[in-house]
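Using the hints, position chain Y against chain B.
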Amino acid sequence: MGILHFKRSKLLEKQIDEFLNTVSRASLVFRKGIAEYLEGDIERFENAIAELSKLESGADELRRAIETDLYMNSLIPEIRGDVLGLLENMDTVINAEKESLSQFSVEMPDIPAEYAKDYLELADVCMNSAEAIVTSIRAFFHDFYMVKNYLHKVYFFEKEADKISDRLKRRIFHSDLDLSQKIHLRYFALHIETISDHAEDVADRLNISTIKRNF
Amino acid sequence: MIYFYLAGGLFLGWSLGANHAANVFGTAVASKMVRFRTAAALCSFFVILGAVFGGSGTSATLKSLGTVNAMAGAFVVTLATALSVYWMTKLRLPVSTSQAIIGAILGWNLFSGSATGFPSLTKIVLSWGASIVLTAAISAMLYVSLRAGLKRSRVHLLTLDAYTRAGLIIVGAFGSYSLGANNIANVMGVFVPVAPFRDVGVANLFTLTGVQQLFLLGGIAIAVGVFTYSHKVIQTVGNDLLKLSPIAAFIVVFAESLVLFLFSSKALESWLLTHGLPAIPLVPISSSQAVIGGIVGIGIVRKGREIRFKVLGDIAIGWVITPLLAGTITFFGLFVMQNVFDQEVYHRVAVPVDRSLAVCDEASALDPILAVRWKSGPLPVMGPYLPVAPAPGTPWPWTPSGVTGPEGPLAHP
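Protein sequences appear in the order of chains B and Y. Each residue of the first sequence is one higher than the last, beginning at 1 in our numbering. Each residue of the second sequence is one higher than the last, beginning at 216 in our numbering.
Do not take every clue at face value.
[Stated by the list, open to error] Restricting the straight-line Cα-Cα distance to at most 25 Å, the calculated cross-link-like pairs of lysine-lysine (DSS-like) are: (1) Y:Lys-247 with B:Lys-212; (2) B:Lys-169 with B:Lys-32; (3) B:Lys-10 with Y:Lys-481.
[Said to hold, decoys possible] Not everything, but these chain Y residues come out facing chain B in the computed CB check (under 10 Å): (4) Leu-373; (5) Ala-381; (6) Arg-413; (7) Val-417; (8) Pro-461.
[Stated by the list, open to error] Here are the in silico distance ranges between beta carbons for each label pair: (9) Y:Leu-341 with B:Tyr-71: 41 to 51 Å; (10) Y:Lys-247 with B:Lys-148: 20 to 30 Å; (11) B:Lys-159 with Y:Lys-247: 53 to 63 Å.
Honestly, the hints are just simulated from the structure, not real lab data. Positions of the beta carbon are idealized from the N, C-alpha and C atoms, including for glycine.
One chain only, chain Y, in its complex shape:
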């Protein structure tokens, strides 16, 4: 049954691979600079690499928004996300998997009566806007410097073509890695709290944690999407929206990849923090919208020739419609799953063990799954989960109202 539920995430992964490979290799393939097979193989390999080894950062952010703690619930959340993405694509509206999954998680929170991590939600929404602005800025700067460099370098057209081809392959691989790292949370993030896998050692070289195995599965689903369906999307997107010269495409994909990487790299986050610099939030962002940001960046430098204001307006509308649609589908999907198929779509978990070890602080209030921060000792495997987070500084013992544990309503010990 567990593996059946995972199918929702795998379907979402397939859809993500089918749709988003165009954002990293679209122009390269559509302009015949890189063969589809080469692009698909590179994209798949690096997406899996990024998902397994760099995907944990954005997953933690999704977890702090709301922790889907039952397999059937996670299935509905991912299926609703995939359906919303499919529907929006059919309507030819720009859609983001990241925005759909957020809506779906909020739908689950609403249905299960769980607390929504509003600071996390604010962080995520601001990051969506920031990612577009940042991609536009990077793209504009790259465009100006590359143009100046080309004016001076006097590179032969054919040598430049070979360099551009190499550049498109390198940024495509980098973009695929970043896409895997940033967007795997959308595909498998909601399964993390309920992951059924145990850690396994690989040939005494390294250990794959349960979460990494989950991400590996998601990464493979994305790769299957890339191989089976992305060619069609690439032909459409690469020749339509992204009708750019190969050099401009290189700039846009590089800027997009960099931004995806910035929003998913834990190593960079800790480096910034250790140097006393403000860290970039690890948030799943939309690669399609980052690409549009990149094109707008070049458009600004070229005095607005390529700015499509309608597309920008559609993105803003998509920010509202996509989460609403996914949230609504999730809410009704959970209702059907719970009442028609009699499946547990969320657990009510009581605060366990010795409460005298716990204290509420600001961090715990920001993070519902860690609503109780432990003073000492390891966290229990199934961490304490409180549907309603306590306000910062709330003295312990604290009992959330209206929460039922396995042995009836919670009370002070």
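Looking at chain B on its own, in the form it has when it is part of the complex:
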């Protein structure tokens, strides 16, 4: 029946899943890109940037298609504003990942080997926070009552990212490096850390949406 939108709903479910897969893949590519930069493999690092750009454009297109469908067909009318807010915020996570890699590509920071491990650890934790928010949003759509079980992981990884970033910055500023390099390195810790902050923002929205959805 046309007015019930069963077919349209199925199509949209696929698009939402695809969007979340794209965000998840983007965080893996981001982590891979950081590792390759730290290993000095610039060619593969540039490939990662190109791949991430493609994923980001794909996510944008999917998000717009989802938004249009939700409004055109009056689907989930009581919470579509929340859903759109969540998807748009998820987009900021993937944008932050792309932006971070771009900054590496443009500024080519000189990261001493003794800090490489910390940067990689920070990228790992940020990737985990992005993964955790993707899982939480998936639960919001598929298994609503499990959202809380995943959401706490986002907050955990965000705190971890803060700790690692703080530790890294302290080590940098207590070192004998030039002040200009210290400031430069600090910016790159911040760039990476931003990803987990964005994930946390999405988690906050998701938390409220979950309370609202609890009929």
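Below, chain Y without anything else, positioned relative to chain B:
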């Protein structure tokens, strides 16, 4: 003139459609789950269906409360009901058409000196209370089971949305049918004893009785009310009182529809009786109050978060004020109609034909229009009407005191 008098009932029907469509499709439309046109078309169709094919049960109960036996009287009764509903709505008090019509009929009984079927009145008033409790209980049970089911099912949000949409349409249609079946008595019930229509066959498929034609007219009036004015009410009610999630709205409307159906289904009544179970009385109840019962049911499960005690208090006040207001308007309306416009607002009907065929029993005492139960032979078309019912077991011949027949005071044959 007959058709002019019917206008009172049609106005009441319009008002019922305008106000009560919100109770079955309010949240679905206000939350944009269902388009207004779709909801209005479904609501109208099923209200008419319910009125024509399921409306006789509650009408019989109203008839047993008091039989308005003159067209002008029925006009005043329905007009007074419509005015009371309009006035109460203006005062923003929860109003029920069912409660207004009962008050109006009692007003007519008082004016015409007719007997009031007190057992019927008790049954009706108890049913009003029972309908709220029953809706609350059904709603609470549905809420608990649906919540448990959803926890296990892991349905995607969008699939759930499509199912909820389908559910709202189905329960809306069911609710509309039940509303038509249960509430048509309020609109056209008082015209039944004086219905001017004869039975007509429809394309050799089925026959529409005079009463069904009357209910069809009432149903159409309700449908016009749904199409012309209910959108505004839906926007107000759907966004205010019934601000529920679509799933909670589905539960509330389902519980309400089920209760309206239980209180109007003759088939269910006879099934219960044949199985030796206590039957549910066929009584016109208030759909608005059933909805509030449904919300309270969910509120209880959710530990009182949605219980609005003030609304419940207003309902209780409405139970007293609405019938009083409608009864008073009817009484004075009948006085004006009789003395200013010189219209006959009630007939004094003498006990006709062979009285030796009649006997008084308990059933006849409960039912003023059948105050004389016939031992044999068909009932006369204009049934014997006694303004004062005889006590059970009263030996025949029995003459009610103070009753005047066409040929003067009644006496033993």
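Here is what the structure says about each hint:
no., hint, result
1, Y:Lys-247 with B:Lys-212, "holds (17 Å)"
2, B:Lys-169 with B:Lys-32, "holds (22 Å)"
3, B:Lys-10 with Y:Lys-481, "violated (42 Å)"
4, Leu-373, "holds (4 Å)"
5, Ala-381, "holds (5 Å)"
6, Arg-413, "violated (40 Å)"
7, Val-417, "violated (29 Å)"
8, Pro-461, "holds (6 Å)"
9, Y:Leu-341 with B:Tyr-71: 41 to 51 Å, "holds (49 Å)"
10, Y:Lys-247 with B:Lys-148: 20 to 30 Å, "holds (29 Å)"
11, B:Lys-159 with Y:Lys-247: 53 to 63 Å, "violated (40 Å)"
Hints 3, 6, 7 and 11 from the earlier list are contradicted by this structure; the remaining hints agree with it.
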